[in-house]
Each structure stands twice: as structure tokens, then as C-alpha cells.
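Protein sequence lines, in the order shown, are assigned to chains A and B. Take any residue in the first sequence, note its place counting from 1, add 567, and you have its number in the working numbering. The second sequence: position 55 = 53 (the working numbering), numbered continuously.
Since the hints were made in silico from the structure, they are not lab data. Built from N, CA and C at the ideal position, the CB exists for glycine as well. Certain hints may be false.
Said to hold, decoys possible - Which residues of chain A face chain B? A few of them, derived with a C-beta cut under 10 Å, are:
#	residue
1	F585
2	L588
3	V603
4	R605
5	L612
6	T613
7	K616
8	A621
9	F623
10	H626
11	R628
12	R631
13	M640
14	L642
15	L647
Letter by letter, the chains look like this.
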Amino acid sequence: MEESESVQRKRPNYLAVFIALAVLTGLEILVTQLPVPRLLFLLPLTLAKAALVALFYMHLRFDRRIFSTVFAMGLVMGILLIFSLVALFSPQELDVK
Amino acid sequence: MMEKVISQKPSTRTSLGIDSRKLGIWTLIASEAIFFSSLIVTYIVMRGRSTVGPYPHESLSVPLVAFNTFVLICSSMTMVTALASIEDGNQRGLRRWLIATALLGLLFLSGQAVEFTLLARDGLSLGRNLFGGTFFTLTGFHGAHVLAGVIWIGFLVARAFRGGITQTNHIAVELVGLYWHFVDLVWIIIFMVIYLL
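Chain A on its own, in the form it takes in the complex (with noise of 0.2 Å):
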């Protein structure tokens, strides 16, 4: 039988979930507009918009927790790798070449 898990899961309000991704995305745009430090801002509200994506498009906050166990394992190393590959290729790392 195929029955999907899903049938018993809590369903989230998409519509609020898309209303704060729309606004989200709009005070984005207004930090660009604004004299202040844009990745001290832009990083929180990018942040918020992905993980509203993933807890409640995804349903990684109603559903099993092996599913956020195996996406996070891919997270985490994207991002070693991200701060590895900043370090590496820093400035001050090529002058001193």
C-alpha cells in the first residue's frame, strides 16, 4: 500500500508562510537602499527566508526527524566547505603568494 505519510501531518499556514517570505524579500531590497552594513542585515533575513522554506514547504518541522538528519548533514558540509574555500582563497592568503 502506498499510502502517504502525509495524509496525517499538521498542515502549516502557507498562505502566512508566503506573506512573510514576500515581505522578507522586500526588506531586502530596502537594506540595499539603506547607508548600513548590508551582510550584518541581509544574512538574518536570508536566513529566516530558508528556513521558513525548509520547516514549513518541506515540512521538516511536522515530519520524520531522520529527513532534517540527512538534509543537515548535506548543510553542514556545504558550509565547511563554504568557510574552507573563503579562508583559503583570502587576500591576505594570495599576497602572501
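Could you slot chain B onto chain A? The hints should help.
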């Protein structure tokens, strides 16, 4: 002597009681997260090292891409609505929202085609400088993922019209939905890294 014929349809459950197809798509998504991380960090590292123009600040159009971002956010909304429809047994809603998702995906790709054309007109190409090389590789691969999603949804729409998706058998919608939302999630990161920073 009568022989009893037993269906040999393979089980889709893992030993953990999880649907193997769903575990498979999550594994794919995890590997894609690493793949896109490598492309994003390559862009971050190389973008300021171009020795010839055009440079990012003089080439990129934020309003056009902001519209494209909104289109992709809308497509995520239509995708979850398609899933919610079939969970409620609403076949017509499923077909309608899947088609809407595919059309929004095509609209996103059209916007990307316009952007690439404008950039090419400004002299930016894959081989022009490091910015062009990393920019087109990252956004091009993302566009290819959107195209793959649109084709996948197209097959699903055809299956839905044949009545192959039901209230109790709609895992295919959930799988394509997970893929589609991940592609949206990646674009959220790309939008900030390339266009807003």
C-alpha cells in the same frame, strides 16, 4: 494443481518504516546542497578578482531579478497548494496548481533568459572574466534545475490527468514538491549572494 499467484510488487518502505523514495529525494537534496555550496563559494571567492569588466555592480539588474525571485516564491506557494489539494482529494485543484507551478517555473526561466541576453549585450560572457564565468555557471546550473523541475511537473500533470494520483497515493507530488522547494531555497541564497551583497 492450482498455483496461487502472489503480487511481487517491491516494498517502498525501508527498515525504519520510512518511504524509500522520500529518503532518496532527501539524500539527493543533501548532495545538491553540497554541490550548490561549492558553486556559491566559487562565486564569492572569484567575483572580486576580475581584471577586465564588466563588473557585478555595473551589470546586474536587481529589479528584474527581484521580480524573478517573487515568481519563484509564488511557485512554491502553488506547489504546496497542489499537495494540499490532493491530500483533500481535490483532483481538479491538484491539476490546476501543478500547471500554475510549471507556468511560474517557465516565467522564471524566461526572466533568466532576458537577464542573460541583457548581460551578453553588455559584453559579459562565460569566458569574458572570472565574474562572468562563476556567475553564469551558478545561475545557469540553478536554471537547469528549474527546467528539470518543470519537466518533472509536466510528467506529473500528465499522470494527474490520467487519474494516476489519488488522495491515498500522492507521494509523487510530495517528492516533486520537496525538489521544487529546495530549488527555491537555493535561489533565496543566490539572490542575496549575487544581487544584494
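ask   = Which of the numbered hints are not met once you compare them with the structure shown?
value = Violated hints: 3 and 11; rest satisfied.
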